[in-house]
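Protein sequence lines, in the order shown, are assigned to chains V and X.
Going by this note's numbering, the letters in the first sequence line up with residues 1 to 376, in that order.
Going by this note's numbering, the letters in the second sequence line up with residues 1001 to 1376, in that order.
Keep in mind that a hint or two might mislead.
What the hints assert, rightly or not - As a list, the in silico DSS-like pairs of lysine-lysine whose alpha-carbon atoms are at most 30 Å apart: (1) K1083/X x K292/V; (2) K1373/X x K1292/X; (3) K21/V x K11/V; (4) K1083/X x K1175/X; (5) K1296/X x K89/V; (6) K1373/X x K317/V; (7) K1317/X x K1296/X; (8) K1089/X x K83/V; (9) K1230/X x K1317/X; (10) K1124/X x K296/V; (11) K365/V x K349/V; (12) K83/V x K1296/X; (13) K9/V x K317/V; (14) K365/V x K292/V; (15) K1175/X x K83/V; (16) K296/V x K365/V; (17) K1175/X x K317/V; (18) K296/V x K1176/X; (19) K292/V x K373/V; (20) K317/V x K1317/X; (21) K296/V x K1349/X; (22) K1089/X x K317/V; (23) K1292/X x K83/V; (24) K83/V x K21/V; (25) K131/V x K175/V; (26) K1317/X x K349/V; (27) K1124/X x K349/V; (28) K11/V x K317/V; (29) K1021/X x K124/V; (30) K368/V x K9/V; (31) K89/V x K1317/X; (32) K1021/X x K1175/X; (33) K230/V x K124/V.
No lab work stands behind these hints, which were simulated from the structure alone.
None of these values were measured; they are calculated from a predicted model.
Protein chains: 2
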Amino acid sequence: MPIGTFEVKQKSSECAARSGKLVTAHGSITTPVFMPVGTQATVKTVSSEELRLVGSQIILSNAYHLYLRPGMEIMEAAGGLHKFMSWDKPILTDSGGFQIFSLATLRRINSEGVEFRSHIDGSKHFFTPEKAVEVQRKIGSDIMMCFDECTPYPCTHDYADRSMKLSLEWALRCKKAFMEGSPLYGHEQLLFAIVQGSVFRDLRRESAERTVEIDFPGYAIGGLSVGEPKEEILSALDVVTPLLPESKPRYAMGIGMPEDLWECVERGVDMFDCVMPTRNGRNGQAFTSRGKVNIKNAEYLRDFGPLDPECGCPTCKGYSRAYLNHLFRAQEILVLRLLTLHNLYFMIKLADTIRTSIESDSFLKAKKEFLNKYGV
Amino acid sequence: MPIGTFEVKQKSSECAARSGKLVTAHGSITTPVFMPVGTQATVKTVSSEELRLVGSQIILSNAYHLYLRPGMEIMEAAGGLHKFMSWDKPILTDSGGFQIFSLATLRRINSEGVEFRSHIDGSKHFFTPEKAVEVQRKIGSDIMMCFDECTPYPCTHDYADRSMKLSLEWALRCKKAFMEGSPLYGHEQLLFAIVQGSVFRDLRRESAERTVEIDFPGYAIGGLSVGEPKEEILSALDVVTPLLPESKPRYAMGIGMPEDLWECVERGVDMFDCVMPTRNGRNGQAFTSRGKVNIKNAEYLRDFGPLDPECGCPTCKGYSRAYLNHLFRAQEILVLRLLTLHNLYFMIKLADTIRTSIESDSFLKAKKEFLNKYGV
């Protein structure tokens, strides 16, 4: 099937949940899918082999970070990110929009683009929609994202309106730049758009409708998880997903925790990324079938069972809670990886569980069972 | 063959080098052998599976560190270190002598033992030869070491004499305590002794002869690599190894760098441990067939070849110098592991190369070839 094809395999009879398959130049992805975050050309602590081992179908990386370091000259010389980091499955890149607004300093935005200073060395840069496409072309990601302004929260309706319209303009320019160029490494890339509009239902609606008019092979819902209450996230999805074409994948950017996946899939979302599984892992928090475990707690000093008795990940197969607790106390960095691997495996298996429940049309029952046991 | 058996397989016709096999409760070790250092129940950055992957036959751990953290109560509850860290091959433990003299504070030594304060929390402890054996029994190492005073360098002949004689007394007491007790986890342990005497040939001789009289299944040469010039190390070996029984394994504690292995094997040493391959790796230094590479250097920014084109380690198979350089610059801890794995693989393969050269009786030729290429 042509690259960019999205096949809806099964739809829930109870809600908007669906399972599907997205075709990319580096293979097909079954959805719902959780994408581990590899900000700087590595999912922190984890090797590419280990990403394969825990079942990652696709990872996310960041145009902003890679643009600053190692830089596009080295990225091009390497032949793109797949070769650079030794990962031959799909990669999605964020355009840099979110990072410029959350990490960079001294931002000056106008309709042309954004001037900002690097969070690493203070050097000055100017990003435009065209530049974001060019950078992502040099990275060679399978899925690039449109350059947008990630609307801050809270903000006024007026600000959100102008911001959303700017992102729409930029989406048009991204598509134009995308259509006019061609891939650098011989594999086809896709360009997804991002729906904005903050917590305002009318703006979310307008953003969704007008973005769809431009026509993209996939749509993200952006500006989520930026500090707003969780109900606002779900409410935004309630407005947006019904307006998105059923035949295109939908991606909730920056979502989510285990419980969030269920809520979002129920509303018709197919793709997710979130730093929490990896970041929380590095802080000692493991996701398990019976809820969260903070492995640093003294109660695990003498607990010789695995993190999660129902888990088949390399960490649970090899190591006890007592050992992981010891590694944390002894400040041995091996433990950062062991918890990261466990949490990634947990999220990836969770997406599998959700998909299976859709395919047997028992999504709501499976959701209830999971949440009861997980204790949310 | 009974546990503790050491078979000399092949002797060089040109020098004291020999290959052999040592039988332990967790399997046999072929010698010469390099033992990765797993101070705190982990070889820093590396999982037990990865130790197997790079070919580790045996690892070293430290009674001092494990005694302080996680402590012997947890170690016993875990069923010993093998189970605790998920490693089913041989383990050798250092008795704590070296660490008490290099890490602990406020040491007070008398003929009974050493009082010291923990480098972690300042708590007060008292180690005796009997205590060191008890701790190592609780750890369950395949090879425990006698408790000794690691003679500092430089020191007077008089100090070295008294220190060496104290270590001899303690070796006797260790052996007695060892013989009177029994293993805790159903597998047989071995007790090796340590020859001291600093840089004084007469003292090294006396220490070797009197330690051999007590009779142990293996002998270490201790007090090496504590700041003395390298010639002093080799000179100590020149004195000591001819006095050690040919039918017992010989272990040069804390040695060495790649070039050191050749020098020591030439003088009849069989076993090695050293933190340099792992520590230097974490600092960005890789050992390669053509010498050392500091991967942080700018010259590797655009070098898309592997660390060592002749290497078959997971790092060299998967990643380029440019990528490793990027990870260091981006402060991604994955790189600490990738370099550690490479250096461990290098040392383990080096020991294999040395063994093979002995078995084809071409040790000196192989040594010359290695050192020429390595550039020492």
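Hint compliance check: list the failing hint numbers for this structure, sorted ascending. Violated hints: 6, 8, 9, 13, 15, 16, 17, 18, 21, 27, 28, 29, 33; rest satisfied.
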